[in-house]
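Colleague: Based on the sequences and whatever the hints tell you, model everything.
Chains as they are written, first to last, in our numbering: chain A, 1 to 404; chain B, 1001 to 1267; chain C, 2001 to 2159.
Keep in mind the hints are simulated off the structure, nothing from the lab. Careful, some of the hints might be misleading.
[As the list claims (entries may be wrong)] In silico lysine to aspartate or glutamate, EDC-like type, Cα no more than 20 Å apart, as pairs: (1) A/K81 <-> A/D4; (2) A/K85 <-> A/E152; (3) C/K2062 <-> B/D1158; (4) B/K1116 <-> A/D336; (5) C/K2077 <-> B/D1209; (6) B/K1149 <-> B/D1135; (7) A/K261 <-> B/D1255; (8) A/K126 <-> B/D1135; (9) A/K358 <-> B/D1106; (10) A/K261 <-> A/D336; (11) B/K1188 <-> C/D2115; (12) A/K85 <-> A/E227; (13) B/K1119 <-> A/D336; (14) C/K2113 <-> B/E1182; (15) B/K1188 <-> B/D1209; (16) B/K1149 <-> C/D2067; (17) C/K2062 <-> A/D114; (18) C/K2077 <-> C/E2048; (19) A/K261 <-> A/D272; (20) C/K2126 <-> B/E1212; (21) C/K2113 <-> A/E37; (22) B/K1069 <-> B/D1259; (23) B/K1069 <-> B/D1235; (24) B/K1149 <-> B/D1259; (25) A/K358 <-> B/E1182; (26) A/K85 <-> A/D4; (27) B/K1188 <-> B/D1106; (28) B/K1149 <-> C/D2066; (29) A/K261 <-> B/E1117; (30) A/K85 <-> A/E396; (31) B/K1069 <-> C/D2067; (32) B/K1149 <-> B/D1209; (33) B/K1080 <-> B/E1117; (34) A/K126 <-> B/D1140; (35) A/K126 <-> B/D1158; (36) A/K126 <-> B/D1259; (37) B/K1080 <-> B/E1114; (38) B/K1188 <-> C/E2118; (39) C/K2113 <-> A/D114; (40) A/K9 <-> A/D391.
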Amino acid sequence: MKIDLRQLKGSGPAYYLLLAGLLLVTGMGLGAAWHMEHSGHIVTGMDNQIVWGLPHVFAVFLVVAASGALNIASMSSVFGKTAFKPLAPLSGLLAIALLIGGLVVLMLDLGRADRLIVAMTHYNFKSIFAWNVILYSGFVGLVLAYLWTMMERRMNVYSGYAGLAAFIWRLLLTTGTGSIFGFLIGRQAFGSALLGPMFIVFSLSYGLAVFLLVLLAISLGSARPLEPGMQARLSRLLAIFVAASAYFVLIYHLTNLYFAKQHGLERFILLDGGIYTYLFWLGQIVLGGLLPLLLLLHPRTRGHSSMVLLASVLVIVGGLAQMYVTIIGSQAFPLDIFPGYSISSSFGDGVVAAYTAKLPEWLLGLGGCGLVGVIVLLAIRNLAFVPQRLDRFPTEPTGTEAAH
Amino acid sequence: MKPDSTSSCGCGKNACSDERPDEPSQVRRSLLGVAAAGLAGVLLAPGVRLIEIAQAATPGVATTGANPKVRWGMLIDSTKCTPGCNACVVGCQTENGLTSQPGPTDTQYIRKIEIKEIKTGRTASLPMMCQHCADPPCVDVCPTGASFKRADGIVLVDKHTCIGCRYCMMACPYKARSFVHEPITNQKPDVPRGVGTVESCTMCVHRVDRGEQPACVVACAAAGYNAIVFGNLNDPDSEIAKRVAQFNTRQIRADLNLDPGVRYQGL
Amino acid sequence: MEWARLLGLGALCLLLLGGTVNANEQPGKSSRVPKPVIESARGAQCVEPADAMRRNHMEYLKHQRDDTLRGGIRGAKYSLKACIECHASQTTQSVTAAPTNFCISCHSFTAVKVDCFECHATQPAKSGAAFLPLQHPGGAHAVLSRQLRQFKVQGSDKP
Chain A
1 MKIDLRQLKG
11 SGPAYYLLLA
21 GLLLVTGMGL
31 GAAWHMEHSG
41 HIVTGMDNQI
51 VWGLPHVFAV
61 FLVVAASGAL
71 NIASMSSVFG
81 KTAFKPLAPL
91 SGLLAIALLI
101 GGLVVLMLDL
111 GRADRLIVAM
121 THYNFKSIFA
131 WNVILYSGFV
141 GLVLAYLWTM
151 MERRMNVYSG
161 YAGLAAFIWR
171 LLLTTGTGSI
181 FGFLIGRQAF
191 GSALLGPMFI
201 VFSLSYGLAV
211 FLLVLLAISL
221 GSARPLEPGM
231 QARLSRLLAI
241 FVAASAYFVL
251 IYHLTNLYFA
261 KQHGLERFIL
271 LDGGIYTYLF
281 WLGQIVLGGL
291 LPLLLLLHPR
301 TRGHSSMVLL
311 ASVLVIVGGL
321 AQMYVTIIGS
331 QAFPLDIFPG
341 YSISSSFGDG
351 VVAAYTAKLP
361 EWLLGLGGCG
371 LVGVIVLLAI
381 RNLAFVPQRL
391 DRFPTEPTGT
401 EAAH
Chain B
1001 MKPDSTSSCG
1011 CGKNACSDER
1021 PDEPSQVRRS
1031 LLGVAAAGLA
1041 GVLLAPGVRL
1051 IEIAQAATPG
1061 VATTGANPKV
1071 RWGMLIDSTK
1081 CTPGCNACVV
1091 GCQTENGLTS
1101 QPGPTDTQYI
1111 RKIEIKEIKT
1121 GRTASLPMMC
1131 QHCADPPCVD
1141 VCPTGASFKR
1151 ADGIVLVDKH
1161 TCIGCRYCMM
1171 ACPYKARSFV
1181 HEPITNQKPD
1191 VPRGVGTVES
1201 CTMCVHRVDR
1211 GEQPACVVAC
1221 AAAGYNAIVF
1231 GNLNDPDSEI
1241 AKRVAQFNTR
1251 QIRADLNLDP
1261 GVRYQGL
Chain C
2001 MEWARLLGLG
2011 ALCLLLLGGT
2021 VNANEQPGKS
2031 SRVPKPVIES
2041 ARGAQCVEPA
2051 DAMRRNHMEY
2061 LKHQRDDTLR
2071 GGIRGAKYSL
2081 KACIECHASQ
2091 TTQSVTAAPT
2101 NFCISCHSFT
2111 AVKVDCFECH
2121 ATQPAKSGAA
2131 FLPLQHPGGA
2141 HAVLSRQLRQ
2151 FKVQGSDKP
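Modeller: As structure tokens, then:
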């Protein structure tokens, strides 16, 4: 089956309106970053107790989703699922856009964002952060090369190798992102080898959700219906990834509940942590886990593209909630410097830290998301990323997992 | 004085030149310098210490730097600390140019912590600052290597290289570090601090390098408690080494195996 | 339309040439950008000749900062604190407060941001706290008269 990828052309103002809106959001994000750079972090809600705030929630989510968004392409190039081949370039594009969006937010939230050159020339290789600088920027380059092998006819023979390289790099990148937290012994929520693999599974779930969202948006927006078999396949895949994520969350908390010294933390997250408890149960578990599973698997809802779209959005919402609990909840919970003692000081020791994100943080985080949208919109309009037809996909060689 | 055509600033004016063209030789100059320094010191600078004059006897010669054989440490006797007292904190704030009455976004190098054992009700009071660990997690996680441990054990932040990512603040088990949230002016010349970088207790490295004690130690002694002892843990004849060998002292969160240079007595 | 392209290129060249001629500061020609007014320093003599300092002060400082901070070496030649001791303005006691003060005058002329003073103090230490002038190379006369001048300035309640 000949795969026909074209630029997304069409008439109508919807595209331009969306682009204008996203450019505005991105612009406001850049403005917020300038304000933070100029006036210092005092304009944000962050303080010496909550040092990583909402921008980090968005940034880490985007980076994790970036790795997972490449999964469709990886499946086609590395695991031989040829049915996904037409969607592979879009998958690569999304991976790059998401990573750039996340990286920009991360870099603009630095206290000295003007010292980026220093960050790129001074490396402490004991720090996973330093490795991540290389892994993140290398990922963009590698996926660009991968896209080139897929979209340039004479380079198609190399797409398998590029795909494998990108796949391995993806695993390293996401493990590195999870290990940012996993390598820290100081905080009770971290210091676990589980966090690297957990983030990999999260990435599969969040990345596919974003991919599905974009795919269905293109399908609906350009009136090219998605083949029901492919939609069903992607829905099932998302359901599997959501279930796998839930498994990791279960193991993480179950293990913590076995350690008496972690009971304080578990009580905080699961019971009386206020916003963090709500975000965990309502956001991460219900909206991000149970409800999408229901929508994706229940016979009444599973075939409908609107339900699949809703499920994808819910997974994204659940992902943001999970990042908020992981990143900010872990900082809000006081350090256990004197086990067995209740402590107090002028520096917030012994008490749950309060945090409310201020406007510049929201604008910066959403600005990163806006940038992702701008990159995707510009790319699909000007380069051949979108298949002409979404109602036909190549069949598998063995026919056991046929697209029809 | 006639204008010096070889004046170094090239302005042609004689405002900066105090020296006559036929200045006496270098040897006499430095002898006169020591004499004048002694006189000027007595007359004009009440705060100068003898050790500074001794160092000034060889102007323009640099010190040899941090000695790897030395391990600076502190011993804090919490039994001498009282809940109401924060002399060490005030001393630190004055020395380092920090805000008094700090808010949530203001820097605190040292803080007093009141602890109460939940099961028994026993209370204690102690100051907590950067523990200057031998195996610091903050140094491991810094992406640019700005957070580093000096040869003599003092853990510092190189503000030239710090990009303000705050990862070290996430990593520190003692929550020792602070982030500078707004532009700073009127810094102390000995303590450079700037917006967007991370900072923490330097064990008054600028004083230590002059042969003096950290400000918290001095302040506590001035308040009459003498709860903090500072010295070289590697020198068996030092006060601190003798005390840690004799008394029951411990490191906070010793289970983490970070080997802090700050030890506590009475906890 | 080859002639139009050539004409455009020629006009561009003339424009650039005119721009460079204007930027060139020839004696007698009025320049758009005034030369910086630099306040003179207090001390006897700088640690390096002026032209070497002008070109290389950033290199000297950059190399010494690591020796000082990471090596703990104090009192070496290119101490930023010592620079400020001499170069702080007589009126503002700072190197960056007013446009004619030492550091800021050249740096604003060359449009190079001085990152140093994000962190470093722009004023010398108050007398009594750090007796730094003693460590600075200079003759006995210079040191003593400088101290007397400072004492005089502080004694008379000048703003």
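Colleague: Among the hints numbered above, which are violated by the structure, and what are their numbers in rising order?
Modeller: Of the numbered hints given earlier, the structure breaks none, since each of them holds.
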